[in-house]
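Visitor: Keeping their order, the protein sequence lines are chains W and C.
Note that the working numbering gives residue 209 to position 198 of the first sequence, counting from 1, and the numbers run on in steps of one.
Note that the working numbering gives residue 176 to position 165 of the second sequence, counting from 1, and the numbers run on in steps of one.
Derived by calculation from the structure, the hints in this document are not laboratory data.
One thing to keep in mind: the hints can contain errors.
[Unchecked claim] Below, in silico cross-link-like pairs of lysine to any residue (SDA-like), each with a Cα-Cα straight-line distance of 20 Å or less: (1) W:K296 x C:H375; (2) C:K359 x C:A380; (3) C:K296 x W:H375.
Number of protein chains: 2
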Amino acid sequence: MSQTPDSAVRTYIEQHCSAFLDDLAEWLRIPSVSAQPDHAPDVQRSADWLAAKLLETGFPTVEVWPTPGAPAVFAHWPAEDPHAPTVLVYGHHDVQPAAREDGWDSEPFAPEVRDGRLYARGAADDKGQVFFHTLGVRAHLAATGRTAPAVHLKLLIEGEEESGSPHFRALVESRADRLAADAVVVSDTGMWSEDTPTVCTGMRGLAECEIRLYGPDQDIHSGSFGGAVPNPATAAARLVAALHDEHARVAVPGFYDGVVELTDRERELFAELPFDEARWLRTAKSYAAHGEAGHTTLERVWARPTAEVNGIGGGYQGPGSKTIIPASAMVKLSFRLVAGQDPDHIEKAVRAWVDEQVPDGIRHETVFAAATRPCLTPLDHPALRSVARAMGRAFGTPVLFTREGGSGPAADLQEVLGAPVLFLGISVPSDGWHAPNEKVELDLLFKGVETSAYLWGDLAEHWREAS
Amino acid sequence: MSQTPDSAVRTYIEQHCSAFLDDLAEWLRIPSVSAQPDHAPDVQRSADWLAAKLLETGFPTVEVWPTPGAPAVFAHWPAEDPHAPTVLVYGHHDVQPAAREDGWDSEPFAPEVRDGRLYARGAADDKGQVFFHTLGVRAHLAATGRTAPAVHLKLLIEGEEESGSPHFRALVESRADRLAADAVVVSDTGMWSEDTPTVCTGMRGLAECEIRLYGPDQDIHSGSFGGAVPNPATAAARLVAALHDEHARVAVPGFYDGVVELTDRERELFAELPFDEARWLRTAKSYAAHGEAGHTTLERVWARPTAEVNGIGGGYQGPGSKTIIPASAMVKLSFRLVAGQDPDHIEKAVRAWVDEQVPDGIRHETVFAAATRPCLTPLDHPALRSVARAMGRAFGTPVLFTREGGSGPAADLQEVLGAPVLFLGISVPSDGWHAPNEKVELDLLFKGVETSAYLWGDLAEHWREAS
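Please put together the full structure from these sequences, using the hints given.
Guide: The following block contains the structure:
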């Protein structure tokens with residue numbers, strides 16, 4: 012009985028899926044939370060674990076690259092044909108903070124399979140999506156009889172994505188020769204739904220800051236002093252309230268400078284998607300749509316810049332009451348940026364706005380984290396076809412095109428390496444990124460493996476004609 | 012050598028001050044935080060400790076009165092003359108929450124004397140001020156050769172004042188016959204300064220609520236959903252920002268209904284005080300005066316109703332960042348009320364305002380704690396003279412008159428018992444009520460003892476002519 016390459020790939024995956032899941036679960040048990048300093052040893056452990064696993068997978072070159080923060084993992088598996096294209100896969104091995112009491116049904120770092128889903132912090136964002144490439148490349152070799160991939164395959168899996176990738180750009184710049192690639196494949200995004208596989212064509216950028224506001228030198232009695240001195244919690248609240256105008260547009264002067272508006276073609280592609288707002292709201296676990304006037308929900312999350320409060324705090328938050336004017340308050344803000352916006356300009360505009368807003372008698376400081384630039388894949392770039400074809404084979408249906416509201420350091424890779432960025436992600440919106448009960452659908456995880464297994468051959472075959 | 016009663020009182024106090032301070036320190040070691048349920052056994056311990064100490068002081072009747080919350084302590088020491096007036100001293104044995112890491116220089120529940128000050132949570136608010144009456148009554152007896160006080164002396168020391176006295180009114184109503192008194196002396200206020208002894212003539216009332224706002228069913232990714240659904244932290248902030256108008260007046264419709272404005276005589280009494288705004292700001296540890304337009308700072312804190320944010324919280328407040336739209340946020344508000352305002356009306360007005368303000372897609376609940384009514388001693392009440400005279404003897408200087416911005420359940424006593432309320436407090440604004448490093452000045456503590464020692468004789472002598 013002769014096998015088509017597709018069925019050979021599927022057979023290989025079936026034979027190895029159990030060991031693959033065991034390995035992934037082992038990795039997910041490492042709480043590699045880059046935002047929390049006491050988890051730094053775990054982030055290191057996560058990098059070391061991945062490096063060992065990539066060696067075992069067959070990559071002849073595997074290196075853990077230290078940074079001033081958390082380490083990245085680099086791997087390289089050259090093709091036999093020296094003229095084959097070079098592809099760099101990007102992902103990250105760090106995860107968002109998670110604690111059982113946030114609302115998890117099981118321990119976030121004790122992976123559990125329930126109803127065909129693997130629940131764990133990092134299952135979808137991003138360990139699961141990094142890891143499908145390991146079985147993918149093995150299936151590619153097994154199905155094609157090769158001993159090396161059809162492309163020069165490189166992996167760069169960083170350890171600070173969930174902290175805004177503060178050292179990523181410097182790392183890429185200092186290792187640009189090792190990372191040199193003809194295309195970058197980012198596996199850190201999602202697709203439309205289980206039934207509608209899609210390829211993402213852009214991500215928003217991200218600028219984040221914490222604004223700390225200081226009032227009295229210590230908490231003071233709200234009876235003795237209330238009503239006669241400024242309250243930093245009130246100042247924090249007024250700042251947040253002033254962030255949007257009555258049209259839900261960001262009210263920071265200069266915020267929209269340079270924003271690239273959607274083209275008609277992009278609007279058409281959005282319109283091809285089976286968007287159902289009631290269903291989208293269920294996925295968002297939210298009870299109303301609300302956003303910038305004059306834009307649809309999809310435009311708001313994919314193509315419009317936004318400002319959100321990620322955290323606010325000040326004064327007494329425990330049980331009962333404490334009648335104080337608090338000494339301090341703080342606000343964590345994040346701004347999603349779209350093509351045409353410059354994070355440096357945004358930082359200046361926000362700082363000027365905060366200085367203007369904070370009232371007399373309240374001292375303040377604004378601390379910005381490293382920013383992530385927005386990123387757009389040219390819609391007419393021929394390499395998109397390889398990704399769309401590989402994914403179409405895996406899913407057995409033509410793929411549509413989306414964008415991603417989230418952010419990643421893909422734009423830095425595009426800029427420093429001079430390579431186009433493509434997105435290959437198999438996560439769905441209900442996967443709970445950054446939320447309690449994060450999970451990955453096992454079916455989709457293996458579609459990811461399959462897509463990865465098809466992609467390298469397709470790219471090698473079509474790259475030269477495309478370029 | 013003949014002794015005047017004043018010098019006899021002073022000699023007695025000098026002889027017993029060391030044991031008195033040891034006893035007070037023992038009481039302050041009990042963390043009787045009524046707002047925190049896990050301290051309930053400590054609040055009970057505090058009541059039991061005080062009851063034993065009052066028996067030791069000589070009160071023939073001492074009882075611990077349970078409530079559905081924390082217990083109160085009642086004591087009664089009848090005068091020999093059945094026609095002597097009956098005076099009820101009010102105070103509280105519970106304290107505000109406190110933790111070393113809030114900014115204390117020493118453990119809040121390990122009392123420490125430094126530079127003539129006793130530092131501990133409760134040192135001034137209110138254990139110190141309750142306790143000075145124990146040595147006060149002994150000095151009164153010693154100096155006058157009596158075996159019982161000149162008045163029928165009752166004490167009611169409650170255990171839930173720092174939690175808004177939720178069961179106090181019911182307790183007073185159910186025990187009204189035991190508590191019956193001709194006058195109530197509240198020792199839970201302060202005076203102008205060490206150099207300017209004053210008698211307080213009123214306290215503000217207090218209404219407190221917590222508003223909880225719910226957005227998504229769980230924290231959701233601010234990249235995937237940001238800019239397209241309502242954020243409960245933003246809603247919380249907008250609520251707080253809408254609480255005051257541009258004149259720093261409370262913007263809740265109906266809030267000022269019934270407010271009794273200051274009379275000219277009251278304004279004159281305020282003006283006699285040596286008010287220095289720069290100095291007041293240093294005491295408030297604040298950097299600007301800010302409040303209702305058209306009113307002075309003293310008017311704002313003593314005679315005007317206010318709204319303050321005591322706490323605000325929502326989303327991620329830890330180190331680094333977490334790019335979420337939080338599932339929930341909350342705000343703790345307190346409203347200080349003045350004569351003429353009705354807490355029930357305020358609660359209705361605030362609930363209606365919250366319902367109006369919260370946007371679509373955000374669910375909310377508002378929980379009110381038990382309210383405290385405002386209280387004003389009639390300026391022309393003759394019993395004020397007894398308190399002013401006793402305090403003038405202790406301090407060796409005539410006293411002036413103030414009000415108190417804080418709140419206490421004195422108005423309930425006035426209303427239920429039909430007795431005038433007088434304020435005898437020796438704390439100063441720098442004592443740090445509800446703040447880190449709360450302390451009491453030892454000099455003033457003993458002036459309190461002395462005032463208490465003079466008061467009962469003066470009241471017995473002048474009461475009948477005054478009534």
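Visitor: Evaluate each hint against the coordinates.
Guide: Verification of the hints:
1. W:K296 x C:H375: Roughly 16 Å separates the two Cα atoms, so the pair holds.
2. C:K359 x C:A380: 13 Å, holds
3. C:K296 x W:H375: 16 Å, holds
Of the numbered hints stated above, none is contradicted by the structure.
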